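So you can see what is in the structure, the chains are spelled out below.
2 protein chains.
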Amino acid sequence: MKKLIGDVDDVVLDTLRGMAAAHPSLRVDLDQRIIVRADAPRTGKVGLVSGGGSGHEPLHGGFVGYGMLDAACPGEVFTSPVPDQILAATTAASGGAGVVHIVKNYTGDVLNFQMAAELAEDEDIEVVPVVIDDDVAVQDSTYTAGRRGTGATLFAEKAAGALAEAGGSLQDVAAVAREVNERTRSFGVALTACTVPAAGRPTFELGDDEIELGIGIHGEPGRERTRLRPAPEIVDVALSAIHEDMSLSGSEVLVLVNGMGGTPLMELYVAYAAVAEWLGGHGVTVARSLVGNYVTSLEMAGVMISVLRLTPRLTELWDAPVETPGLRWGR
Amino acid sequence: MKKLIGDVDDVVLDTLRGMAAAHPSLRVDLDQRIIVRADAPRTGKVGLVSGGGSGHEPLHGGFVGYGMLDAACPGEVFTSPVPDQILAATTAASGGAGVVHIVKNYTGDVLNFQMAAELAEDEDIEVVPVVIDDDVAVQDSTYTAGRRGTGATLFAEKAAGALAEAGGSLQDVAAVAREVNERTRSFGVALTACTVPAAGRPTFELGDDEIELGIGIHGEPGRERTRLRPAPEIVDVALSAIHEDMSLSGSEVLVLVNGMGGTPLMELYVAYAAVAEWLGGHGVTVARSLVGNYVTSLEMAGVMISVLRLTPRLTELWDAPVETPGLRWGR
Chain G
1 MKKLIGDVDD VVLDTLRGMA AAHPSLRVDL DQRIIVRADA PRTGKVGLVS GGGSGHEPLH
61 GGFVGYGMLD AACPGEVFTS PVPDQILAAT TAASGGAGVV HIVKNYTGDV LNFQMAAELA
121 EDEDIEVVPV VIDDDVAVQD STYTAGRRGT GATLFAEKAA GALAEAGGSL QDVAAVAREV
181 NERTRSFGVA LTACTVPAAG RPTFELGDDE IELGIGIHGE PGRERTRLRP APEIVDVALS
241 AIHEDMSLSG SEVLVLVNGM GGTPLMELYV AYAAVAEWLG GHGVTVARSL VGNYVTSLEM
301 AGVMISVLRL TPRLTELWDA PVETPGLRWG R
Chain C
1 MKKLIGDVDD VVLDTLRGMA AAHPSLRVDL DQRIIVRADA PRTGKVGLVS GGGSGHEPLH
61 GGFVGYGMLD AACPGEVFTS PVPDQILAAT TAASGGAGVV HIVKNYTGDV LNFQMAAELA
121 EDEDIEVVPV VIDDDVAVQD STYTAGRRGT GATLFAEKAA GALAEAGGSL QDVAAVAREV
181 NERTRSFGVA LTACTVPAAG RPTFELGDDE IELGIGIHGE PGRERTRLRP APEIVDVALS
241 AIHEDMSLSG SEVLVLVNGM GGTPLMELYV AYAAVAEWLG GHGVTVARSL VGNYVTSLEM
301 AGVMISVLRL TPRLTELWDA PVETPGLRWG R
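In the order they appear, the protein sequences are chains G and C. Here UniProt numbering is used: the first residue of the first sequence is 1, the next is one more, and so on. Here UniProt numbering is used: the first residue of the second sequence is 1, the next is one more, and so on.
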C-alpha cells in the first residue's frame, strides 16, 4: 500500500486536522468528528446534515458552508458514522427549524442516521431524512438493499442547501432533495481498484487490461467486467444505462463527470467531450455541467456520470451562490 | 497503459473539446489549439498568456478567465507549445497594452515563447516574458538549465492576473509575476510514475515501496529515491529543502499542497495537516492556503509543496476575485 499518510489508524483524524487547518470557514471538532459551518447554527434556518464513510472527499465535509451543508459527520474509511456522531452534527446544525438528513442508501448509513434521528427527536429537534439512491448499475449490492447513493448526493446537497439558505421550510427543503434524487441517475466505471488503509490490500483485483462497468463508490461489484475500451464506448455504456432507466430525450440536464479519485482532469475532460457528444446526439440539452473529483473512492481510477433532469427551479437552486471548500461560486 | 481516452494521438484535442463543451466562459480554438477568455481581448488591459506541455491540468487552460489568464496554449503532452500557437494566444490576448508571457523554465518552452515574442513584436505587440523557476529540488534537470518552474506558476498567474485586471501597466504586471517567483519555493515528491499516452510506458520505474524525493512535473529525476515514509517525514524533507533555500522564519506565507494528479484529496489533507504543524513549529504564519490538484503530472501519485512569502500587496492580489474553471472565488 502506497499512500501519503501517517499512522494508518489516524487517517480520518489526520484528514480532519488538515481540513481544520486549511479552512477557517469550518469548525472541525476532532473529538466528535464533525465538520460544522463556523456560523452554525443559524437561528430559524433549516439545518442540513450529511455524512457517511470517509474516502469520498470532498464529499461530505468539503461541502459544508454557505449554500450547502451545515454539518457533516465522516465515519471511518468506507464505514458509516455512528449515531452519536450524527446526533452531534444534527445538534450543531439545528437552528430551531428542523434538520434534513441527506443519507446515501447504504444499509449502515440508513440505520445509523435513523437512530440518530430518534435521539434528536428526544432533544426536540425535528428531523426529516432523505435517502439518495441514484445509481442505476445494480439493484442490490454488497452494502445496499436497493440502489446505491452516489452522485445525486452532491446535487441534493446543493439544491436543498440553496433552498434552506433562502428560508425554505423543513418539508420543502426535504422535498427538493427528494425531487433531485428522483430526477437523477448515475453510472460508474472503474479502471483500477482502491485500497482501504486499514486493510492494506486492494478491495478487488482488476487485470491490466480490465475495467469494471457499474462499479460502486466502495469498490462493490458492478454489472460486468470487460476489457479496457476507448472513452466514447465507456461513456456510451454509462449513458445508455442511465437513458434506459430514465429517458433523457428532450430534457435539459445538469451533468456531472466525476473522477473517482485517481483519474486526472485531462481524462475527465476527454470523457466529458464524449458525454457532450452523446447527449447532443440524443436530443438532450446540457444546461449545466461539472467536471472534476467530487464524489471519490480513495485513489480509484475511473469515472462516474450523473445526469439530473432539470426544471427551471432546480436550475435556479444549482446556480445559487455556494461557498464551500469543494464547491464555490459567487454570491 | 490504462487511461480513459480515445485515440491516443487525439488526447490533447479531445481534452480541448471537453473544455470547450464544459466551459462557455472560454473560447477554445481547436485548430490553433488555444484557450481564450470569451471576452478577450479587453482594450487597454495588459494581456496575460501562459502555456506549456499538456498533462498538468488544470494548468494552464483551467486558469483562463476573469482575474487570471487571458489565453493559454497547450502543447502536446509534456511537450512545449509551438511558436505559432503561442503567437495566436498572444494576439488573442492583446488589448493594445502589451502582453506578459508566464513561462515555466523548461528549455523548449523558453525558446518557443521567445520566438513567439519576436513574432509578436513584428505585429507591434509588446511582450514581456517572465520565467518561473521555483523548484529547489535540483539545479539542472532533464529538460531544464537552472531550476524548474512548478507551483509558483499558479501564484504568478493569479497575482499578475489580478493586477492586470486592476489596470496595472505592462511593466508592473511583469514585475509582480517576477516578485512572486522570487518569493516562492517548491519541492515535489512522487509515489508513482506517470505514463505519457503516446509512449504507453511509465516515464520511470518506482518499486512498490519506493518514492522519489524532489521529482519534477514530468517525471524528471529528483534528488533521491528512498523507501516510502510517513507523510510527516515526507513533508519535513520538502519543507526543510525549501526553508534551507529561503528562510521562512517569521514570514507570513501562502502555501499550496498540490496533488500530482493521482493522489486523492484525503491524502492531501493528511499532508496539509503535517505542513501546518511543521510551519507552526518553525515560526511561520500560514496566512493563506490551497489544497488540491492544480499543477499535475498526468496520473502521477504524489504531492508538491509550494510556499510563497507574502507581502500585504501579494495577499491582496491573491484575495482578489477570480473566475476560472480551476480557481474561483467571488467578486
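Keep in mind that the hints were calculated from the coordinates and are not lab data. All values reported here derive from a predicted model rather than from experimental measurement. Note that beta-carbon positions come from the ideal geometry of N, C-alpha and C, so glycine has one too. A couple of the hints might just be wrong.
Stated by the list, open to error - Coverage of chain G stretches by chain C, computed from C-beta distances (three or more under 8 Å per stretch; other residues unrestricted):
1. 57–65
2. 224–235
3. 258–268
4. 287–296
Now the hints, each set against the structure:
1. 57–65: This one holds; 3 residues, not fewer than the three required, reach chain C with a Cβ under 8 Å.
2. 224–235: Per the Cβ count (5), the hint holds.
3. 258–268: That given contact holds, which follows from 8 residues of the stretch 258–268 of chain G lying within Cβ reach (below 8 Å) of chain C.
4. 287–296: Since 4 is at least three, the answer is holds.
When the structure is compared with the earlier hints, no violation turns up for any of them.
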